[in-house]
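**Q** Chains as they are written, first to last, in this note's numbering: chain A, 1 to 370; chain B, 1 to 370.
Some clues are possibly wrong.
[To be verified] Cross-link-like lysine-lysine pairs, in silico, DSBU-like; alpha carbons within 30 Å at most:
| no. | chain 1 | residue 1 | chain 2 | residue 2 |
| --- | --- | --- | --- | --- |
| 1 | B | K168 | A | K185 |
| 2 | A | K50 | A | K168 |
| 3 | A | K316 | B | K185 |
[Claimed, not checked] Which residues of chain B face chain A? A partial, calculated answer using Cβ under 10 Å:
| no. | residue |
| --- | --- |
| 4 | Q124 |
| 5 | K130 |
| 6 | K185 |
| 7 | L294 |
It should be emphasised that the hints constitute simulated quantities derived from the structure, not laboratory data.
As the structure is a computational prediction, the values presented were derived from the model and not from experiment.
The beta-carbon is built from N, C-alpha and C at its ideal position, and this holds for glycine as well.
Protein chains: 2
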Amino acid sequence: MGRLDSPPLFFMCIDSDQQYLKQCFSLAIQAKGFTSPNPLVGAVLVKNNKIIGRGFHQGPGLPHAEVNAINSALGTEIRDSTLYCNLEPCCHSNKRTPPCVNLIIESGIKRVVVSNIDPNPFVQEKGIKKLREKGIEVDVGQFAIEGEHLNRIFFKNMRSHLPYITIKIASSLDGRICLENGSSKWITSPLSRQYAHQIRLEHDAIMVGINTFLADMPALNTRDNSNKVIKENKKIILGDMNKLKPQHWQHSNISQALLIHTGNEEYVCSSAIKTYHYKSFGSSLKNLMTALYLDGITSILVEGGQKVFSSFVDEKLYDDAFIFYAPIFLGNGKSNYLNVDISAINLGHRMKIIETRSIENNFLVHLRQE
Amino acid sequence: MGRLDSPPLFFMCIDSDQQYLKQCFSLAIQAKGFTSPNPLVGAVLVKNNKIIGRGFHQGPGLPHAEVNAINSALGTEIRDSTLYCNLEPCCHSNKRTPPCVNLIIESGIKRVVVSNIDPNPFVQEKGIKKLREKGIEVDVGQFAIEGEHLNRIFFKNMRSHLPYITIKIASSLDGRICLENGSSKWITSPLSRQYAHQIRLEHDAIMVGINTFLADMPALNTRDNSNKVIKENKKIILGDMNKLKPQHWQHSNISQALLIHTGNEEYVCSSAIKTYHYKSFGSSLKNLMTALYLDGITSILVEGGQKVFSSFVDEKLYDDAFIFYAPIFLGNGKSNYLNVDISAINLGHRMKIIETRSIENNFLVHLRQE
């Protein structure tokens, strides 16, 4: 499906362990966008240098990758096989599915190869320890960087208790995201917009400011290339909710959305829609992000407009930024970023370029915080 | 030296003709930036599948590539050899050097292989015709596209009697070329700025607006990576020259510059500097460009600021645009383009992306008119 799928490096798979781990990654990726709050995990069961089982985790409440791999091998002799898995097998029971380590031990698997230690404090090295105590050989760390990249949302969640935050901007060469009259359809090409849906797929929620919402009435979901909805992302609208008028309520999206009211005047929502008051978080974007994480939102794609982008940049609250540029000069309208206080070039917000790529007659820049 | 040097395609040099023509291009490029108003030309003399002579045109008034190639072969038997040359040999005498076709005929060369017909109306196919009349076999057209790319300045000059015009912009992600306070040093990285000197090298003249000139006092020359001046480009300053105060005259560049006064009030230059009055060209940028071409300026690199960029874009008077982006948000200051009249996205000035490339932690976009 594109760049975000692929762990950065997979050259030189020189030994069979690496080849089988690579297969785990390929399996894991198949559930991209559908496992939240769980990580992407794939598993391969190998005996006498032959794959006898494969599996991946398909979503919360469903069996783990290891279970699926072992189940898919039923009928063959699993005993003395090797299990490959990109993430440490779980050992905790405070969840909907039983611990994988027990099943591994019972199956008579003699060796386990994993890329990453599970950053979840309920597991973290405990799964590996338990396996080793039962005499199972465990190898850890091959493709660990790629594994952390694959599950960067999950790793961030576990380590910082914040959603993984990505900024997505569609911009002209002169940095405009819309004309003075609000018009923004379409700056970028159809292929760029399709590509943007791949980024939406990876995220739990899509956030827009109220002005962008009212101007564009975006569907805020993930659609495939034939415009079929493949995922209803959670929807977050940020801004002064008193701007919402009765006619806007006919737009079905609002009733599915989470509203974050930032206005000074009180906002009383006339329906049962979940509403946060920004003030109650001390008007702190970081506090708000923590609250959203505690409410189960593991990742947010921030899609505009200028004010929302600028806040996330100024607070350094994003992980990734994707800017799609179209080769067009617009000459007026809102820039993708506004901060009148920057008085010297070295005080500007500088980032690291991860990748640039051409898309049709557009180009995409992937940035990360320095 | 980089992208601009290399004709776009040289894969699959399957026959020896192509291999020798490729050598002509490599030779021609050695004089890049120094042959104006002449084209870049390289020549190779081959006998019995062995190169017996090489040459390239080094600059106006100096021998042509064919002459240098033939002279370099002195002492060997030139008769019955084949001459390869990227451009048709000249046949006209209204210039400082004698026509090459005569020398070719006298030398007993039996075959000539060229990529491009010379677009100069004094030559155009006449050189080839004369050779053929003397029984010399002439093959034309291999690598013609690459040849036209190599000499795109010369081809444009001959066809439209206008300078080749390139826009060069250093920009933040939000499209700013300077902060509100005028500060612009440095948005882009040292490597980007070095690369920009490769673009300067290819151009006869560098043009800036008066405001940019006064703010930055740029040297407007071409320097190598160790900051040594390798070419003094012609310098053009555009704007209201009444902004020039006595202290600015101490800046040595002004005395070498061509001033184009655009102000309403009359400007009387206190020294012998060449000054054009924009009004006398009907305040038409195109008329001005024609006048500059007639004054011997074959190519112009337009380096800013906003007003100058915007004029060339609005008048569609540029051939290439190079935008160097740094991964920085500035949030205020001048955008690289301004046009308050654009009222719909499809009325924006859209271009074709030729190439994007990473330079250090910057990226460069090369655009051309649609």
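**Q** Given the hint that A:K316 pairs with B:K185, does the C-alpha gap stay at or below 30 Å?
**A** Holds: A:K316 and B:K185 sit about 24 Å apart, inside 30 Å.
**Q** Under 10 Å is the threshold here; is the Cβ of B:K130 close enough to any Cβ of chain A for the hint to stand?
**A** This interface hint is violated because 45 Å lies over the 10 Å limit.
**Q** For the restraint on B:Q124, tell me whether the closest CB of chain A is nearer than 10 Å.
**A** violated, 34 Å
**Q** When the nearest CB of chain A is found for B:L294, is that gap smaller than 10 Å?
**A** This hint is violated: B:L294 lies away from chain A, its Cβ roughly 30 Å from the closest one there, beyond 10 Å.
**Q** Under the criterion of a CB-CB separation shorter than 10 Å, is B:K185 in contact with chain A as hinted?
**A** Constraint on B:K185 satisfied, holds at 6 Å.
**Q** Can the restraint linking A:K50 and A:K168 be considered satisfied, given a maximum Cα separation of 30 Å?
**A** violated, 43 Å
**Q** Taken at face value, is the distance from the CA of A:K185 to the CA of B:K168 at most 30 Å?
**A** holds, 28 Å
Against the hints set out earlier in the document, violations occur for numbers 2, 4, 5, 7.
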